[in-house]
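**Q** Sequential numbering of the sequence shown, starting at 0, is according to numbering that gives the first Met the number 0.
If you're looking for bench data, these hints aren't it; they were derived computationally from the structure.
Straight-line alpha carbon distances no greater than 16 Å define the calculated EDC-like cross-link-like pairs of lysine to aspartate or glutamate that follow:
| no. | residue 1 | residue 2 |
| --- | --- | --- |
| 1 | K13 | D82 |
| 2 | K8 | E55 |
| 3 | K64 | E29 |
| 4 | K64 | E109 |
| 5 | K110 | D82 |
| 6 | K6 | E41 |
| 7 | K13 | E67 |
| 8 | K13 | E109 |
| 9 | K6 | E39 |
| 10 | K6 | D33 |
| 11 | K13 | D111 |
| 12 | K8 | E41 |
| 13 | K64 | D33 |
| 14 | K8 | D33 |
| 15 | K6 | E93 |
| 16 | K110 | E67 |
| 17 | K8 | E109 |
| 18 | K64 | D111 |
| 19 | K8 | E29 |
Here are the simulated distance ranges between beta carbons:
| no. | residue 1 | residue 2 | range |
| --- | --- | --- | --- |
| 20 | R53 | N108 | 21 to 27 Å |
| 21 | F106 | N49 | 15 to 21 Å |
| 22 | R63 | P102 | 18 to 24 Å |
Each residue gets a CB set at the ideal place from its N, CA and C atoms; glycine is no exception.
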Amino acid sequence: MLVQVVKSKIHRVKVTGADLNYIGSITIDEDLMDAAGIIEGERVQIVNNNNGNRLETYAIPGPRKSGEITLNGAASRLVAVGDVLILIVYAFMELEQAKTFKPQLVFPNEKDNTLT
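Taking the hints into account, I'd like the entire structure generated from these sequences.
**A** Shown next as C-alpha cells:
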C-alpha cells in the first residue's frame with residue numbers, strides 16, 4: 000500500500016512578488032528549493048497564513064540568495080506581497096518506509112526568506 004506523506008516543507012516565507020501575467024507557478028529562491036529537496040516542476044501546496052487560502056501549483060527556481068517567493072498567474076490573485084506562506088510538498092511511499100521517513104523542514108529567516 001502507498002501512503003502520501005509530507006516530503007518537505009518551507010515554513011513561514013514572505014511573498015516578495017505576484018505576477019498575474021506569467022503563465023503560472025511559484026518562483027522560489029533556488030537555495031530554498033535545494034534545502035527542502037524541491038525540484039523544478041514539482042507540485043507544491045501553498046498555505047497562506049494571512050488569508051487562509053490553500054492552492055497548488057508547481058515550483059520554478061528563482062535566483063539564489065534572493066529570497067524570492069513570487070506567485071505567478073492566477074495564483075497571484077490569492078496573495079499579497081508580504082503575506083506569510085507555508086510551502087508543502089508530499090510524496091507517495093510504501094507504508095513501512097513512511098513510518099520512518101523524516102521530511103526536510105526548512106525554517107528561513109523571516110525577514111528576507113534566506114537561509115542565514
